[in-house]
Amino acid sequence: MSSDDGEECPPLSQRPEWADVRPVPQDDGPNPVVPIHYRENFREAMDYFRAVYLADERSLRSLNLTSEVIGLNPGNYTVWHFRRLVLEALNADLHEERDYVDRVAERFPKNYQIWHHRRWLAEKLGPKAADKELEFTKKIFTIDAKNYHTWSHRQWVLQALGGWDDELDYCQKLIEDDVFNNSAWNQRYFVITKSPLLGGLQAMRESEVSFAIKAILTNPQNESPWRYLRGLYKGDIEQLLSDNQVPEVCLKVLKSGRNFLFALSMLLDLLCFGFQPTDEFKRIVKGLTNSESSSSDANLATSVCNILETIDPLRANYWAWRRSTLPSIVC
Amino acid sequence: MEKLEGEKHVKYILSVEKRKDDFESLVMDHLRINGAYWGLTTLDLLHKLDCVDQEEAISWVMQCYHEDCGGFGGNVGHDPHLLYTLSAVQILALFDKLDVLDVEMVSKYVSGLQNEDGSFSGDMWGEIDTRFSYCAICCLSILHCMDKINVEKAVNYIVSCKNLDGGFGCTPGGESHSGQIFCCIGALAITGSLHHVDKDLLGWWLCERQCIDGGLNGRPEKFADVCYSWWVLSSLIIIDRAHWIDKSKLINFILNCQDKEKGGISDRPDNAVDVFHTYFGVAGLSLLEYPGLKPIDPAYALPVDVVNRLFFRK
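Protein sequences appear in the order of chains F and U.
Residue numbers for the first sequence follow full-length UniProt numbering, so the first one is 1 and each next one is one higher.
Residue numbers for the second sequence follow full-length UniProt numbering, so the first one is 1 and each next one is one higher.
Note that these hints are calculated values from the structure, not bench results.
Idealized CB from N, CA, C, for every residue including glycine.
For lysine-lysine, the following DSS-like pairs were computed, each having C-alpha atoms within a straight-line distance of at most 25 Å: (1) F/194 <-> U/162; (2) U/222 <-> F/110; (3) U/222 <-> F/173.
Just some of the chain U residues that point at chain F, by a computed CB distance under 8 Å: (4) 77; (5) 79; (6) 81; (7) 125; (8) 165; (9) 171; (10) 221; (11) 243; (12) 249.
Model the full structure from these sequences, guided by the hints.
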């Protein structure tokens, strides 16, 4: 009986179905560079694996053996490769295989090979597999909503097999769960730019700008919605300048007097693009300036850089560079 | 101020064999050739590569070679993969022993993994990722065989993975991640294609990765980890923006992740050390021009003298 859940089984050498196989030990050479001591049951499983692999034995017991080895170490490409060859040779039930991978992926969600294996399976199963795949990634996201492999898999499923219908709502839910989840923001951008159902960035801009602004006003220190907001105006600076919403959100955050680093940085970008600040902007930024250190006649963009340099000392050189490269329109 | 425990790290790397059955050695089995590259490069940065038996190391690396296809496995008897092929080539470059390779075969293996859209698969099973674009491009460049692939398509694929924040993901639309950014920026640097990068935008995103503890993280709202001292910093250096972070705070963060008794470096202070993070810590310090270390090339991930030997030897 195979064990993919880490349960103890009797050693392979004591199981009757393996009596005819001579295990093949790893050849590490006389004095290897990074010598490794293997845990005994892992060593034994690998020795038997090498035996069936070298004999190219594509059998049910080989399949079960790969489950055992994967349970001990899911990161071995060779074992997964061989497993696929065996599955193909046995014409195995791929739905059963998917159940197996569900269990392994829940144990090792950060493993590359598992996700690649899943993709191979889903490809074989075709578009009808989309719902199950999307559902499974959701399950992993309940444990780790930023899992990189899982997001990558989900994007692949959407593009290769479909299932876009609820994707924007799903992003909405994840962002509501954790507004700091940058992966969910990235997925939201992916959906509005790539979904065949939504009409693209232009069509989505208005509602998305409102969404991002709402998130910013709740947590102005959150990097993700600020970058998302910039992305919404990608390649359309004129629209950004003619639309009053972005300066307004900057102003609101600045007025609050707290967590205004990204608001100032957005204001700086706006100024560099040619935004004409109102007197209110000037007054508020002046209020944020340490009156002793900053000269009162400095222009607005320079003052913004000075403040950023003070409140963000880790990146002081970046803000100093911004100040030194201000375009002539703001100087 | 802490200091680098160089001698202890050398001892740690050389004495990995003395440790008992721990989880790390178990999971390292299949990527031993990566482990060898991390360990040997760290030794070289510490001027101690001569502590290992070169003949034996090379003969072991060559046992991982698959004559039939030209690729390397992660260990003797394991299937070939681009990740392992790059490590093998890097190890041979460290020892100045690339002449043991059948360059024609190895470059054929690597170039054979390029897809129609310019991307690269990691192996015959077809997993696609910008990590593999880097592996292929770095490998072929070391072997002086860039003409074997369609460089323009390879570059265009990488550029198609660029995001609104200036960073790069694993495939088009994938979230920006410091590790993927290193791969993309490294590959673009090697192919002379950095004009595709918005250096100021990406530089700002990368320097935003510095956390209050001085360490660097891989994505927004994640904890700092020593490995990003390499991924983020090498990218910043390649795009000439490394002065945008607080270097002395980063140096302190790395030094605080050392095991000062037994050697080795961990991901975060007080965690267990491993070869992977020992390499990234020492390599990060090398990029930060920490005294006593050989300088490392940020794109090839090899000591600068090795890279110079590759490209400027008559």
